[in-house]
Amino acid sequence: MADVQTRDVPVPKQLENDNKYSAIINQAAFLQNQDVHVEDEADDEPEPISIKEMLVRLDGVFPMDEAVIEAQLEALPKGTKFLSAERFGTSAWTVTGRIMALESDGSERPYFLKVAYGEHGRIMLNGEWESSKMIYGIMPDFIPIPYGFGRYRIGKPATYFYLSEFVDMDVTTAPDPAEWAARLAAMHKASVSPTGKFGFPVKTCDGKLAHTVDWDASWASFYRKLLLGVCKLDLETNGPWPELERATAQVCDVVIPRLLDNLRTSDGEPIKPCIIHGDLWEGNMGINMETGDTLLFDAGSYFAHNEMELGHWRCEFSSVFRAKVYTRHYLRTYPAAVPVDEFDDRNRLYSLKGAINYSAGHPGTPLRKTAYNNMCYLCEKYAPVDGIDKYDPMIDPSITGARIVPHLAEGLI
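If you read the sequence shown in the working numbering, its first letter stands for residue -5, the second for the next number, and so on.
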């Protein structure tokens, strides 16, 4: 479809006299007239706006724009007409809605729309757009169809959208472990890095925070940069902690090369870069009510060691996938890398990224302490260093079973 991000979008001819369309465009004008400061490339002193603040300013109005309508009409069969838009669902970092369209046969069809603001919103939604296209190209029945990404015509606040298929999903039932693991492993196996390296062509996000995903031929080097990136964000958000900083340096400089430098597949080949979802826990998947198939959504992908995907499952926010039956079924389909007996240590190492990223996005949560304790374990086993604490199994959630209820967003709930 056309790149609507940089184009001046004319009013579609079939909508010029449409009262519903006019009402929607008036909603966009409402937004433009608000005294809102957001991060934008034209601002000298960018100030991000929270979703909570934007929802208050919207006062129940869904922020629609003709750029979305054009994207929708270009992506869909000829004769499709826009009908309406409404708020739908809850998201931590975006405003979400459902668009209704009238197809040429007279039937109505819904579509899903995400809206975000500022440069961060652009990075987040463009990352999801590119991630979803990549996954859809590998397994079309594993993610809602991605239709478009672009920028609203309104000048301020800088507003971006991601348009996709609307799928009626059950998001409360735990998926069948065997079926879920087989589909996830199939996606990992079928993926091929376009460069042969680890990384991704555009920035992607885990929650609201951008990954460091520059291409790298070495998995150990890539993961080191990825982990250091989230640790830097956590330090900026939660403040200094000398012992954590010391443990982080030891993990990145010694433990990562020790555990990741010489990995091989069960067939003795070097591990290959696999596409991963990037933020995979039960909150980012559902079951298609029509087909019964499991689905992914909210992807923030990159090409990684496939086991990286399972690191999130060790974290306190993943209450369903922490059940070992999911990992067991996955490893039956996609065997652990060699050395096999170091799989759990790699899983602990990979969980650091998800835990610290969560800590950076939600200040004051216990995952920062969990990550530090896991670093202490890894340092004790592989790279002893003075000046950090001794690993404490009594505060290890993988032993105690401690869990948290994930935040939607700071101040949103």
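Hints in this document: simulated from the structure, not taken from any laboratory. Certain hints may be false.
[What the hints assert, rightly or not] Calculated cross-link-like contacts (lysine-lysine; reagent style DSS-like; alpha-carbon spacing at most 27 Å):
(1) Lys318 <-> Lys226
(2) Lys183 <-> Lys375
(3) Lys183 <-> Lys150
(4) Lys150 <-> Lys72
(5) Lys375 <-> Lys226
(6) Lys150 <-> Lys219
(7) Lys226 <-> Lys191
(8) Lys197 <-> Lys219
(9) Lys197 <-> Lys183
(10) Lys266 <-> Lys363
(11) Lys183 <-> Lys226
(12) Lys375 <-> Lys363
(13) Lys127 <-> Lys191
(14) Lys183 <-> Lys266
(15) Lys226 <-> Lys197
(16) Lys150 <-> Lys191
(17) Lys219 <-> Lys375
(18) Lys150 <-> Lys226
(19) Lys318 <-> Lys127
(20) Lys127 <-> Lys183
(21) Lys219 <-> Lys191
Hint consistency between lysine 197 and lysine 183 [alpha-carbon to alpha-carbon, up to 27 Å]: 23 Å, holds
Hint consistency between lysine 266 and lysine 363 [alpha-carbon to alpha-carbon, up to 27 Å]: Violated, at roughly 32 Å.
Quick one, are lysine 127 and lysine 183 close enough, alpha carbons at most 27 Å? 17 Å, holds
Is the Cα-Cα distance between lysine 375 and lysine 226 27 Å or less? 25 Å, holds
Please work out if lysine 318 and lysine 127 have their alpha carbons no farther apart than 27 Å. 30 Å, violated
Holds or violated: lysine 150 and lysine 219, Cα atoms, limit 27 Å. 34 Å, violated
So if I understand the rule, the pair passes when the alpha-carbon distance is 27 Å or less; does lysine 127 with lysine 191 pass? 19 Å, holds
Taking only the CA atoms, is the gap from lysine 183 to lysine 150 under or equal to 27 Å? Violated. Lysine 183 to lysine 150 sits at ~43 Å, over the 27 Å cutoff.
Take the C-alpha atoms of lysine 219 and lysine 375, compute the straight-line distance between them, and say whether it is at most 27 Å. 22 Å, holds
For a C-alpha distance cap of 27 Å, please report whether lysine 375 and lysine 363 respect it. 19 Å, holds
Does lysine 191 lie within 27 Å of lysine 219 when you go C-alpha to C-alpha? 14 Å, holds
Restraint check for lysine 183 with lysine 226, where alpha carbons must lie at most 27 Å apart: It is violated: about 32 Å lies between the C-alpha atoms, which goes past 27 Å.
Hint check: violations occur at hints 1, 2, 3, 4, 6, 10, 11, 16, 18 and 19; the rest are consistent with the structure.
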